[in-house]
Structures are given as structure tokens and as C-alpha cells.
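Number of protein chains: 2
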Amino acid sequence: MAPVRNARVLFKDHPQDIGYPEPGQTTVYDDTQTIDPDNVQLHGGFLIKTLVLSIEPYVLSRMRPSFPLPYTIGAPITSFGVCIVVRTETDKVKVGDHLYGDLAFEEYTIRPSLDGLVVLDNKHNLPWSVFIGTAGMPGQTAYSGWKEFAHPKKDDIAFVTTGGGPVGSLVIQLAKAEGLKVISSAGSDDKVAFMKEIGADVAFNYKTTNMREVLAKEGPIDIFWDLVGGETLEAALDHANVGARFIECGMISGYFNGGAPVKNLWQLVVRDITMRGFVVTRTFPKYSEEFYATIPEKIAKGEIKCNEDVTNGLDKTDEVLLGVLKGKNKGKAVIRVADE
Amino acid sequence: MAPVRNARVLFKDHPQDIGYPEPGQTTVYDDTQTIDPDNVQLHGGFLIKTLVLSIEPYVLSRMRPSFPLPYTIGAPITSFGVCIVVRTETDKVKVGDHLYGDLAFEEYTIRPSLDGLVVLDNKHNLPWSVFIGTAGMPGQTAYSGWKEFAHPKKDDIAFVTTGGGPVGSLVIQLAKAEGLKVISSAGSDDKVAFMKEIGADVAFNYKTTNMREVLAKEGPIDIFWDLVGGETLEAALDHANVGARFIECGMISGYFNGGAPVKNLWQLVVRDITMRGFVVTRTFPKYSEEFYATIPEKIAKGEIKCNEDVTNGLDKTDEVLLGVLKGKNKGKAVIRVADE
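Chains as they are written, first to last, in the numbering used here: chain L, 1 to 340; chain P, 1 to 340.
Keep in mind the hints are simulated off the structure, nothing from the lab. Take these hints with a grain of salt, some might be off.
Identical copies look the same in the list; a pair holds intra-copy or inter-copy alike.
What the hints assert, rightly or not - With a straight-line cut-off of 30 Å between C-alpha atoms, the simulated DSSO-like cross-links for lysine-lysine are:
1) K207 <-> K326
2) K328 <-> K286
3) K154 <-> K286
4) K263 <-> K217
5) K92 <-> K316
6) K181 <-> K147
7) K92 <-> K326
8) K12 <-> K263
9) K298 <-> K12
10) K12 <-> K301
What you are looking at is a predicted structure, and each value in this text was computed from that prediction instead of being measured.
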């Protein structure tokens, strides 16, 4: 086999100040490199071909030097993805194995070892993209955060933000499985329709609906799943029940303005609220076994629904990221890099 | 006995906007009323003579109509206090009993029942003022909040705000009893000296010392006892350890500006922080028995130290409150209304 293109998405520069990344400035698509899959030296490792990559707000975080695991300027950005092994010099993997983990945004990568990767056992024959969505890191986040911190009780009311995304949509379905009333918000009517489809009792578009009126009518809330922060968090605090649990999973409203200030934290005191932030990598391991034993099967049976928005081609990376940050994606944003 | 003066502190008007109360405007001292202790009709209840009353930030909260239990305009303000029964028509109390509870700011009150009051058993012969300080609501707050939410572990570092007050100073002593390193802040050098006396490893005056530098050098912190909020809370978030517990007991920095905004709540997520607000009345009952079985005795033996700032006379109420809100008191602020 002759050398083939090995296109990459390189990290060029930090986003200006605290703003949105700028296509072509923050990252750059580079298709000048080639690779010879049959002959490239593997030094005892293995060669993978990237199939799907996940685009999520977390990618922006890693573009900032002050956040954990910042990207390296000049190197490909990385995110969760699924790849296939095309050649190997180690018996730790076989050709044809599908691997999941933090992958570089490039068509081919040589990996020295399985560090940071797991071999996927796709016994329910799910599309590989599901393993970066509801059966991947976002699903792990929803599942472990809910199991560890929600403490649902009969007649509780849950409010789930970004309910049209892969984290929020699984949270809605977990809350409904417990018999709770679920209020959920998202930024488009498409997402509102999806939230209703998966069982949300009250679903609204926060861009066109007054959130405080919804919460005043449908609350007070006992569980708040927060991916937004800022004014949304303030509204939730003002409409929380005594003893409410606030699960702080992300604060996208503060990503572009140095942190969206919250003025009414006093409500934490008055209402006996527990606010718990978490990072999935620390919370999930305890739940890994039960997650993989149940969630993929439920997805295969249609008992848990996913919502994807797939874009073809690494060259679309920057615009897909910008779309996600502005809430324009219709479901879990996936870059399909290659078919098998 | 002829009629005697029954001076009162009446709630006149809400503080302007969200500002400080204004002496003479927010409350007014009225000494025009008299009472005849021997002959006033008790209607089956009992007559109490007020001995000591507690002044704390909580009094300001109750001056605002939006807070729980707001005061009634034209009626005396109330706060925790200790009184003595001087006449009774019920056998629920005896003349000479000392009672603790939410008392009106007046020299004499007729109470119909023991509702909201408890009979004090002062077997260690403590000054009555202690029962509105370290052995009263502030101490209950410190004790139950610490026991319920601190989860101290070996080698943890605690950061205690307002460590010179009755809540913070007991928290310092509870943390030291667990063997923790304690950092504590207060607003005067007198209070810093007291915090050192009771065992704080690092004590500083936040008005003259850069808090972030202290935390950078002495942290990261595992337990944060917060009575301040705002910029202090922001500094604590930026210097917290992974898995830290933030106990939100009050947010005095936000009382005069509509709530001090906090911009970096994102740190809750990154650092797996639990932030727990609480109101003493809901948390304390579980600990009431062990509190009264241990704390008064330790105070009597000098194993737990208190710090009081006693002012004589109901007519000083408004200036003492203003002093507390501005941090000018030297210890637990007490109004001594009468001797027995």
C-alpha cells in the first residue's frame, strides 16, 4: 500500500482571552502529512485508524492553559473517540480490535501501548459513535453523577439542563426510571421535542421561554443537574426545595466571560442545599462494571434513546466545535473520520 | 411593687434597600411603657424578666421582609436570649427558672406558654451570657455543622472564617481537637490574638493581610467554614484540595450589596468540591443531647474558650448591631438588659 494522507487538526493558538475559539486560528486543519500504513515503523506498538471523534465543551476547556490537561500548541488536539487497529507489533491488541479512549484528531496514529485505551466489546452491535456518546464519557458522566449524588426520593422533582445532549438526555431517562417528575431545558425546539420523546414531563426552550416562570409553576426542585451555571443556577437556587441536591457537572455559561457570577448563593444556607461538583474520571470507576453491563444493552433494545448529530470529515472540526459551544448541534456532536 | 419601666426596642422600618440598618430609623428605643410586675394579668401564663440578649448578623436578616421569620413593624425585635421567671400562673415553670429562646427586646414579657423556650439547667454555674454564645445558638451552629458536614480526615487542613466570633471560635477548637491544621481569619488584631490563643495554627487579619497569599502558602484546604461568601469564598475555591468540603453557614459579605457574586464556581467541578448550606434549627436537634452533655462542662473547665463583648442596656442595641455588622465587636456581642 502506498503512502496515504494523514490529515490532522493541530492546536495553533489559545482562544483570544476567554472568547470562543476561532476557526483557522485556534485550530488548523493540515492535510500535508502522509503515512505508509504497511511500512511505517511501530517500535513495538500498533497503528490505529481513527473512526469517530467526540466534540464537546470539554475540548474548549483543554484549549486554555489554566485548565487541566491543556493541549500542546503544534500537536493535534485530542478527545474521546473510537478507532480500529490496522497493524500491530504487540499481542496486547489484534488487528480489527476497536479501541476507545482519548485519541488525536488525525486519521492514523501510532500508539506505543494500550495506556489510556480500552478494547471495546460491542456485543450488542451498536454503532461505534454510541461509545463516545451515551455509552461513552458523556453517558458515564450522567450515570455515575446521578447514582452517586442525586439521592432521588419518591415525589422528587428533577430539573435537568442541556437535556437534549448526551449527558442530560441520559439523566432525564435515569430520573424517569426512578419515577420522578422531570423538568428539562435545551436551546432548540428540536431538542425540546427529543426531551419529550424520552419522557421529560416539562421540556422547554430556554431561549424562548422564561425559565423562572417554568420553575415557579413546576417546582420547587429537589435535584438540579447543572451543565450551565450562571443565571440558570441562580434561578434554580431561587426555586429549590429545602434539602435539594445540586449536581454541578459543567458551567458552559461561564466559559466565554471569565465565569458567570452567581449572586444568590445565600440560598444554599437558607434551603439546606448540597452543591456537588465532580469530574467523571474520579466518580465513574466505581460504576464502570454496572454501566457497561446495563446501558449498552438498553440502548440496543431502544429502552434508552440517544440523539446524534454526525458530521463527516476532520476538516469540519472547528465549525462543529463552535456549533456545540453555541448550542447549534441537534444531538451528540460526532466527527466521523473514516469508515472501517 | 409599683409599676416599673418596660423599655423596648421596636422595629420601625426595613433598612433602606439592602444597606446597613440605621440607628433610630430601623429600630427605635422606647422607654415610655411601664408594667406592674406584681399585678399585670398573666392569663394563665408567666412573666419573664430579660437578662441577656444576643446580637448577631441574623438580626439584620430578619429586618428584611424577604427573609424567613421577618420582624413585625411596630413590635419589639427578637433574638436569642436568657430570662428569669418572676411570676407564674402555670406549673410548667417556677419563679426563678432561667429560660433560653427567642426573646423580645424588652425588659419584661408575658409569655402564654413555654413554646420556643427551654428551661436551662446550669449545673456548671456558667455566666448566663454563655448560653447565647458558645453554649447557645452560635455554638449549636458550629457543633452540628462541623459534626454533620466536615468529615475531617487525618492531615486535613481547615480554613475557618470569622474565627474570632462564637461560631468560628468553636469550629477552630473542634478542628484542633481532631488534630487538624487550622487557618483562620478575622477582622481585627484582637481577634487574631484570640484565635491563636485557642489553637489556630495560622491566624490572620483579612483587612491587613492578603488572604490568597496565606492560602497559597498554607493550603490547599480540605474544609472551609464559610460565614463570609463573596471574594473570600472565591479565594477558598481557588485554593481547595480535590474533594474539599465547604460548609456554608453564612455570607455576611453579601448582606449589604444584594449578594456578593461568586465567579469561579467552576472550581466545584474541577476539584470535586461539596458545598453544603445549612440552617442550625434543622441540623442541630440530632446533636442536642451530646452538645449539652459536653460543651458547657468543657467551657466550665476552660477546655473550650469563649470570647464575649458585653454592652449594658437595651438602648445600645442599634449601635451594637451596627458594630457587629461592621466587624467592630471584640467577641460574641451580648446586650446585658438586667441583673437577676
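How the hints compare with the structure:
1. K207 <-> K326: within (12 Å within a copy, 42 Å between copies)
2. K328 <-> K286: neither (34 Å within a copy, 50 Å between copies)
3. K154 <-> K286: both (25 Å within a copy, 24 Å between copies)
4. K263 <-> K217: both (23 Å within a copy, 29 Å between copies)
5. K92 <-> K316: neither (33 Å within a copy, 80 Å between copies)
6. K181 <-> K147: within (17 Å within a copy, 33 Å between copies)
7. K92 <-> K326: For K92 and K326, neither the intra-copy (41 Å) nor the inter-copy (67 Å) Cα distance is at most 30 Å.
8. K12 <-> K263: Close across copies (28 Å), not inside one copy (36 Å); limit 30 Å.
9. K298 <-> K12: neither (41 Å within a copy, 64 Å between copies)
10. K12 <-> K301: neither (43 Å within a copy, 67 Å between copies)
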